[in-house]
Structure formats: C-alpha cells, structure tokens
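Taken in sequence, the protein lines are chains W and X. When we follow the numbering used here, the leftmost residue of the first sequence carries the number 1, and every step to the right adds one. When we follow the numbering used here, the leftmost residue of the second sequence carries the number 1, and every step to the right adds one.
Certain hints may be false.
Partial chain X-side listing against chain W, Cβ under 7 Å, derived [to be verified]:
# : residue
1 : I120
2 : I133
3 : A193
4 : I195
5 : I198
6 : T242
7 : G270
Please keep in mind that the hints were generated in silico from the structure rather than gathered at the bench. Don't be surprised by glycine CBs; every beta carbon is placed ideally from N, CA and C.
Residues per chain are reported as follows:
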Amino acid sequence: MALRRNVFTYGVAIPFAIVLAFPFVWMFITSLKPEAQVYDPTKTWRFHPTLTSYGYLFHHTDYVRWLENSFFVGLLVVLITLVVALPAGYALARLAGGVGRSLGVGIFLTYLVPPTLLFLPLSRVVAQYLHLSDRLWSLIVVYPSFTIPFAIWLLMGFFKTIPQELEDAALVDGCSRIGSLLRVVFPISIPGILTVVIFTFSLVINEFVYAITFISSASNRTLPVGVPTDLIRGDLFNWPGIMGAILIPSIPLALIYNAFLNRFIAGFTGGAFR
Amino acid sequence: MAAARGSRRGRLRYVAERRGFLAALLISPAVLFIAALVGIPFGLAIYLAFTNAGAGSLTGKWVGLANFRRILHDPIFRGSLWHTAEMTLISQAIVIVCAGLIAHALVHKFRGRWFLRFLILLPWAAPISLTVIGFLWFYDPQASIWNWFLIKLHIVDPFNKPNWLGTPRAAMASIITVQAWRTIPFATVIFLAGISSIPQEVDDASAIDGATGIKKFWYVSLPLQLPIALVAILFGIIFTATDMVVPYILTNGGPFNSTQMITTYSFATGINAGNIGEGAAISLFLLPVLAIVAIGMLVFARRAEVT
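Produce the entire structure from the sequences given, and follow the hints as far as they go.
The following block contains the structure:
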C-alpha cells in the first residue's frame, strides 16, 4: 500500500515538476549563452557560459530603473493597501457579523472585475481628470483597486482565526476597542499581514495592462512592461539578456511564495476548508 | 468648562465603543476606495460603449447601439468571442485534470516534497508578464527548444520545422499551453487545500466499508472534492478569459487575427486605434463570464456557510 502510494506520488509529481519547471531551466541556460550563439544549432547545449548578458542588462539598459520603479510603486501600493484593508478586514471579520460576511463576499467579487474591462475608462480618467499620464503615480492610484479587495479578503480569513476571548480579555483589562486592536490583534496577526504584503507586492509586480496603457516613456516603465518593449533593439531581441531579466525577479519571488504558501491558502479560502 | 469637555469626550468615547459605528468607520474608507476605482470606471465602461468617444475626448456623443451593431457585424470580433471561449475552456480542462493528479500526489508527506512543490509552483510564483516573454523565445521559429526535442524524438522534420506562433492552429495551441502552464500551480494549491480538509474519518469509514481504488475515488473522494474543484475552475475561467498578457505578448492576435481575443481586440480598438467607445463595447462582452463566475462563487459561499 505504502509502496503503491509512493510509486503514484513520485510517478506523478516528478514528471510534472520537470515539465512545469523546465522553462526556467532553459531560461537560465539561454541567459548564460553568448548573444551571437543563441541561433547556432550546434551550440544548443554545449557552449562557453558567460555573464556578459547580465552585465549588459545592468550597465547598458534601463533595467535597474524598471526594478526601482516597480519597487517604488510596489512599496507605496502595499502601504496604501494596508492602511485601508487592515481596519476593514478586521471589522468585516469581527464586528459586523452576518452583514460582514455578505459585504466581505461583495468586496471579494470586485477583485474579480478584470483590468481588461476597466483600462479604457481609467485611461481617460488618468489622462483628463488626474493629469497623471506617463507618471508612476497613475499606477500608485489605480493599483489599490485590485489590491485592496484582495487584501481585505485575505485579512478577513486571518482575523477570523484569532480567538475573540483574547480581545475580550484586553477589554476587561481596560483597553479600548481601538487599543485592543493595536496592542493585541495586530501584533499576533503579523504573519498574516506579512503574507498580505508579499502577495500584494507580487500582484503589483505582475500587473501589465494598466502599466502598458498609462505609461509611455522608457524611463517610467515598470518591470513587466519595460522588459518586453525596450530590451529589443530594432527588430533584434537580445534573448540572453531578456532571459536574465525574467529570472532575476522570478526566483526570489518564488522562494518567498513557497515559504508563505500555507498561510496564503488559509486566508484565501477564508477558513472555508478548515 | 472642563466638565463639559469631559462629557463630550465621554460621549465620543461612547460612540466609538459602539460596535456598529466603529465597524462603519473602519470599513468605509475601503468601500469608498473601491467605489471610486472600480464602481465608477465600471459604470463609465458601460456608458462609453454607447458613445463615439475617441482619443481626444472622455465623453464623446451618445450613439446608442451603433458600436454594438458595428462590432457584431465585424468578423474579427466574432472570431475573438470564439477564440476566447476556445482558449478558456480547453486550457481549463487541461488544468483540472493535471492539477487533480498533482494535488493527489502531493497531499501526503514524502522525501523531497518541499522541492517538488517548489518546482511545481514556479510558473505561478514568477510574474506571468515576464515569463510569457520567455515563451516567445521557446516558440522562436528558428531556435525553438520544443522543436529541438521534437526533432530528437523524430516527430518533427528538421527541414520543415513548425512555426509555432506563425500558423493559426499552432499559435492557438501555443497560447492554450501557456495558459494551462501558468494556471496548473494555482489550481493545484486550491485542490490541495480542499483535499487536506477532508477529515481522516471519511477515509477510515470508507475503508471499513470496503471501498478501495477507483470505487473509493468515484463514490467518496470525487463528490467531496467537487466543490473545491468548482472554485478552482471558476478562478481559472475568470483569470484566463479576461487575460490579455499571454495572447498580447505571444501573438498580439495574429497571424491573421486567428488568436484575436476579446481583450486584445478591445486594446487594439480602444488604445491603438483610439476608438474608445467601440473598444469599451468589445470589452463589455467579458461581462457574461464575470456574471457566471460571480454567481458560482456566491453559490459556493452560501454552501460553505450552511455546512
């Protein structure tokens, strides 16, 4: 029985892991190739690896600038999201009862409204009312529209797992409601809050539709838009450089994701599967 | 004077301690933010679809159903509806089968589980807008790594290699592959959560009753996992049908509009060609997908509440 289970486990998990992760292996191999050899069929696997492309990426392109832009937008969006979503998530989980659940589900549904439906009206709003065309601030204003519903939903899940008795004890000891929130609830929710920070940040790093619509100059681009549009000189793709540009943010993000995955599941499924 | 201030502070404190008021105070910034950035643009998207708004003006003139009449007679648009459905349904069918298998393999503890799970999650954790550029290279007409494997396996003729993104059927298959590749990890994660939530007693009881293998899977495991599978499918459908990144970067609708999606066509019409009204009308055809998924989610939420 145990043997059969092991055969099934490894027989399924290993082939799938190889297939799903292979693109990253091939990206890594390509990133080490001299640019002149990427199309050489005799050099598919055997070549002299070089880090030239990484050097090129950091010294001769706007790559570092895009990294900075993405970080800048990411940090501010995470801050705005936390300020708005922390109290709302808590209130929806604890204070508002049955109404809270319906409102929570309603807010979550707004997370499903896709950018591909909203980018046209928002492009006009950004250009004509906010006068933020081609400014990073246009993204900082618009991104909370999907990070806030997402974060509220996750936080609702986390706050529900904190026992009410803990707060009642703080209230009995003379804490105000706000005080018990700041001194008791938030400190023990730090792992949950950290999860929200990471997944919100990765939503921002991922965003493409708004970034390509609102931003037009190379130096204001974020990572996902800068790499496909500006690492191409004329019609020539610098493939090793592009592969490096993909791997640099992907691998750290994947490691962090994996570390926080279980908490993410607990929050995302809203405790429905407990 | 001091007493009056004290009582005012007392009253403030009293109000702040009332549950309903405090809840409203804590929730309202979020609701306002969402109303301003989702609600208003959403209404504006519907309004714009009935106008001839262009690059120059936000509002344009009211033209009634003219935009809809025009796009419904547009073969490219009708193609985009079909392609969106094709991409979504086929990729999600692949996702459900693969994710179901992987989740069952990963659910028990075993040596190397952490590492295998890390590899399987990679496509979801890495930013899709970046990794899809990688696929542009994997599908390169001259140096495609897939072709290298297929030639070694003698499936493909080295002098007549397939041009993955340059021929209509192959381009669609390429897009579907990437959509499945990037959704499998997410569906696996949801499945895993669902399977681990089935109590061990159910397993034991079915074993005592003599259920094994296929029978146990069909009569015990599958019905219990159906609601979770439904959630994974609903997320997969909404993320895939409304996604613009994968088709935009891989083919941008080509060749000959054979992979034109609702999203890419809306972008091409609204932003590139500057016909915002018409582009908005095209994007509104994503609404039925949104409605179906939202209703499905609500049904699930109600069920989870009852049980």
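Here is how each hint holds up against the structure:
This hint holds: X/I120 has a C-beta 5 Å from the nearest C-beta of chain W, less than the 7 Å allowed. The interface hint given for X/I133 is met, as the beta carbon of that residue sits about 5 Å from the closest beta carbon of chain W, less than 7 Å. For X/A193, the interface hint holds, the least distance from its beta-carbon to any beta-carbon of chain W being 5 Å, beneath 7 Å. The beta carbon of X/I195 is not positioned within 7 Å of any beta carbon in chain W (closest approach about 9 Å), and the interface hint is therefore violated.
With a cut of 7 Å, the hint placing X/I198 at the interface with chain W is violated, because the nearest CB-to-CB distance is about 9 Å. Interface hint at X/T242: satisfied, since its Cβ lies 3 Å from the closest Cβ of chain W, which is below the 7 Å cut-off. Given hint, X/G270 at the interface with chain W, holds; its Cβ is 5 Å from that chain's nearest Cβ, closer than 7 Å.
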